[in-house]
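So you can see what is in the structure, the chains are spelled out below.
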Amino acid sequence: MNVHATTHDELAAEMGDRFDTDAMAQESTLLNPRFYTTDFDELDRIDVTPVRAEWDKLIGQMKADPNKGHFKKTADWDKVDWDNMEPGLKRELIDFLVSSCTAEFSGCVLYKEMKRRGKNPDICELFNYMARDEARHAGFINDALREAGVAVNLGFLTKAKKYTYFRPKFIYYATYLSEKIGYARYITIYRHLEAHPEQRFHPIFKWFKEWCNDEFSHGEAFALLMRTDPKLTNGFVNKLWIRFFLTAVFATMYVRDHARPAFHKALGVDIDWYDQEVFRKTGEIAKQVFPMELDIDHPAWMPTLKKIESAFRDMEAGERKGGMVGKLTKWAAMTRAGMGFARLYLIPVRKNTPPASVRLEPAY
Amino acid sequence: MSLFSRKVEKVPCTVEVSHRFEALHAHVKFNDGSVIHPGDEVLVQGPPVLAAWGELIVEDRIATITRANALERFWTRLTGDFEFMELCEFSFSEEMSV
Numbered sequence: 001m002n003v004h005a006t007t008h009d010e011l012a013a014e015m016g017d018r019f020d021t022d023a024m025a026q027e028s029t030l031l032n033p034r035f036y037t038t039d040f041d042e043l044d045r046i047d048v049t050p051v052r053a054e055w056d057k058l059i060g061q062m063k064a065d066p067n068k069g070h071f072k073k074t075a076d077w078d079k080v081d082w083d084n085m086e087p088g089l090k091r092e093l094i095d096f097l098v099s100s101c102t103a104e105f106s107g108c109v110l111y112k113e114m115k116r117r118g119k120n121p122d123i124c125e126l127f128n129y130m131a132r133d134e135a136r137h138a139g140f141i142n143d144a145l146r147e148a149g150v151a152v153n154l155g156f157l158t159k160a161k162k163y164t165y166f167r168p169k170f171i172y173y174a175t176y177l178s179e180k181i182g183y184a185r186y187i188t189i190y191r192h193l194e195a196h197p198e199q200r201f202h203p204i205f206k207w208f209k210e211w212c213n214d215e216f217s218h219g220e221a222f223a224l225l226m227r228t229d230p231k232l233t234n235g236f237v238n239k240l241w242i243r244f245f246l247t248a249v250f251a252t253m254y255v256r257d258h259a260r261p262a263f264h265k266a267l268g269v270d271i272d273w274y275d276q277e278v279f280r281k282t283g284e285i286a287k288q289v290f291p292m293e294l295d296i297d298h299p300a301w302m303p304t305l306k307k308i309e310s311a312f313r314d315m316e317a318g319e320r321k322g323g324m325v326g327k328l329t330k331w332a333a334m335t336r337a338g339m340g341f342a343r344l345y346l347i348p349v350r351k352n353t354p355p356a357s358v359r360l361e362p363a364y
Numbered sequence: 001m002s003l004f005s006r007k008v009e010k011v012p013c014t015v016e017v018s019h020r021f022e023a024l025h026a027h028v029k030f031n032d033g034s035v036i037h038p039g040d041e042v043l044v045q046g047p048p049v050l051a052a053w054g055e056l057i058v059e060d061r062i063a064t065i066t067r068a069n070a071l072e073r074f075w076t077r078l079t080g081d082f083e084f085m086e087l088c089e090f091s092f093s094e095e096m097s098v
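Top line first, the protein sequences correspond to chains W and V. Taking our numbering, the leading residue of the first sequence gets 1, the next gets one more, and so forth. Taking our numbering, the leading residue of the second sequence gets 1, the next gets one more, and so forth.
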């Protein structure tokens, strides 16, 4: 998503003396989020009456904004020695921060659009708070990037943007999963670093606990939304889609985490262990609303993930090589990745009946 | 709406860009109530809105909306759902090599 489209010189010329000098950027990253539309009438038709009591409680919590004071730099924010950081680690840490920032930012854009276009007051209120949290998270990560000498460029608005389309129920599945998996990822790293503080190579990890509680409660809101209408998570086709989303999100995460070996090594985290741990937590949480759980202990699960990951490496290699040979390598690898994904998708799932009461509290 | 040709509209809009510690966001609001549909393209006219660190810019601008034709709208409805992955923190960024 992040494209180094604007050079530092262009930026400096455009911004002149307004350019920030206390953290002079050596490079700039143009945030380039997608813009979304959906079926806003369908969204407005949601009626939270069946979950009203739980809904009001959750919205009350969001309104009280317990994390308001959390995203501030305190004495706990240690100085990061960017200059002496091993270049591979530095590159991966920045990539991590940029993609986190992009994700928060995209969430903010999506939620804000829902809030603006919606007419249902319950839905508008929810999306308003969630957009607030995402913008706050993005601002916090952005500050960490500034310290690293990376300037985030928000000039994308004056570039042509196509609006893509999300069906409302896909917004629920995808955002629910992205919030819950975000929670599982952050809390797993946080707990690991609690036990191994010497491996905390950047202070941002200290903020992960309260941070992931925001992610958790956003996920709760989507769980409640899905509970307003049983049809959303039932029926043959919806079940296939939910299974697809789970598989796609897990497989993508596996491939992406393996693209950051230095980052995980510095954390002292074995990527396979970490990912399985995150899948387990996410799967367990998602039982609150999804009618199935992926069988991540199936004998074919891990070997297939490894195959997909190696196919992605070959795709990259083919891309870099270019020419006819490169293209053929890439296509062959894409086929392997596709077949791997199909294999993963076909691993039998464990059926689940979501509990009567949907709400959960962060427990990890 | 035509099957193949695209209609272009110019509408007043307000852009809000926050590049502050407490919030990083950028939004466009169409002041005449124009509504965007799947596949439409939006371009805010004028120089880039570049908020320096600590700045919040709220500016009135003109936006060009290029309406998608029927085919594009159909296609976006069909395929847009697959772009959800960027909401995840581990989504693919273009420059990172696997």
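These are calculated hints, taken from the structure and not from any lab test. This one's a predicted model, so the numbers in the text were calculated from it and none came from an experiment. Careful, some of the hints might be misleading.
[Claimed, not checked] Taking lysine to aspartate or glutamate and the DMTMM-like style, the derived pairs with C-alpha atoms no more than 25 Å apart in a straight line are:
1. W/K321 x V/D60
2. W/K72 x V/E22
3. W/K239 x V/E83
4. W/K161 x V/D60
5. W/K68 x W/D56
6. W/K265 x W/D229
7. V/K10 x W/D314
[To be verified] FRET-style restraints, in silico, Cβ to Cβ:
8. W/Q61 x V/T14: 40 to 48 Å
9. V/W75 x W/A342: 42 to 50 Å
10. V/R6 x W/E361: 45 to 53 Å
11. V/R6 x W/K119: 38 to 46 Å
12. W/G60 x V/G33: 48 to 56 Å
13. W/K265 x V/K7: 51 to 59 Å
14. W/L240 x V/K7: 34 to 42 Å
[Claimed, not checked] Example chain V residues on the side facing chain W (calculated, C-beta under 8 Å, incomplete):
15. H37
16. P38
17. G39
18. W53
19. L56
20. A70
21. F74
22. F84
23. C88
The beta-carbon is built from N, C-alpha and C at its ideal position, and this holds for glycine as well.
Okay, the hints, checked on the actual structure:
About 47 Å separates the Cα atoms of W/K321 and V/D60, which puts this hinted pair outside 25 Å; it is violated. Restraint check for W/K72 and V/E22: the C-alpha separation of about 8 Å stays at or below 25 Å, so the hint holds. Only pairs whose Cα atoms come within 25 Å are accepted, and W/K239 paired with V/E83 is accepted, the gap being roughly 19 Å. For the hint linking W/K161 to V/D60, the alpha-carbon distance of about 18 Å falls within 25 Å, and the restraint holds.
As the CA atoms of W/K68 and W/D56 are separated by approximately 20 Å, the hinted pair is consistent with the 25 Å bound. For the hint linking W/K265 to W/D229, the alpha-carbon distance of about 44 Å lies beyond 25 Å, and the restraint is violated. Restraint check: the Cα-Cα separation between V/K10 and W/D314 comes to about 46 Å, which exceeds 25 Å; the hinted pair is violated. With their beta carbons about 31 Å apart, W/Q61 and V/T14 fall outside the hinted range of 40 to 48 Å.
One distance hint, 42 to 50 Å for the beta-carbon pair V/W75 and W/A342, is violated here, with the actual separation near 24 Å. Taken as a hint, the range 45 to 53 Å holds for the pair V/R6 and W/E361, whose Cβ atoms sit roughly 50 Å apart. Taking 38 to 46 Å as the suggested C-beta distance range, the pair V/R6 and W/K119 does not conform, at roughly 28 Å. Distance hint check: the CB atoms of W/G60 and V/G33 are about 32 Å apart, inconsistent with the given range 48 to 56 Å.
Look at W/K265 against V/K7: about 54 Å separates their beta carbons, and that is inside 51 to 59 Å. Checked against the hint of 34 to 42 Å, the pair W/L240 and V/K7 passes, with Cβ atoms roughly 37 Å apart. Look at V/H37: its Cβ gets to within about 6 Å of chain W, closer than 8 Å, so that hint holds up. Given the 8 Å rule on beta carbons, the hint for V/P38 holds: about 4 Å separates it from the nearest Cβ of chain W.
Contact between V/G39 and chain W, as hinted, is supported at the beta carbon level, the nearest pair being about 7 Å apart and thus within 8 Å. The interface hint given for V/W53 is met, as the beta carbon of that residue sits about 4 Å from the closest beta carbon of chain W, less than 8 Å. Interface restraint check: V/L56 against chain W, minimum CB-CB distance 11 Å, threshold 8 Å, status violated. A least Cβ separation of about 14 Å between V/A70 and chain W goes past the 8 Å threshold, and the interface hint is therefore violated.
A distance limit of 8 Å between C-beta atoms decides the matter here; for V/F74 the minimum to chain W is near 10 Å, and the interface restraint is violated. The interface hint given for V/F84 is met, as the beta carbon of that residue sits about 4 Å from the closest beta carbon of chain W, less than 8 Å. The interface hint given for V/C88 holds, since its Cβ lies 5 Å from the closest Cβ of chain W, which is under the 8 Å cut-off.
The structure fails hints 1, 6, 7, 8, 9, 11, 12, 19, 20 and 21 (numbered hints given earlier, in ascending order).
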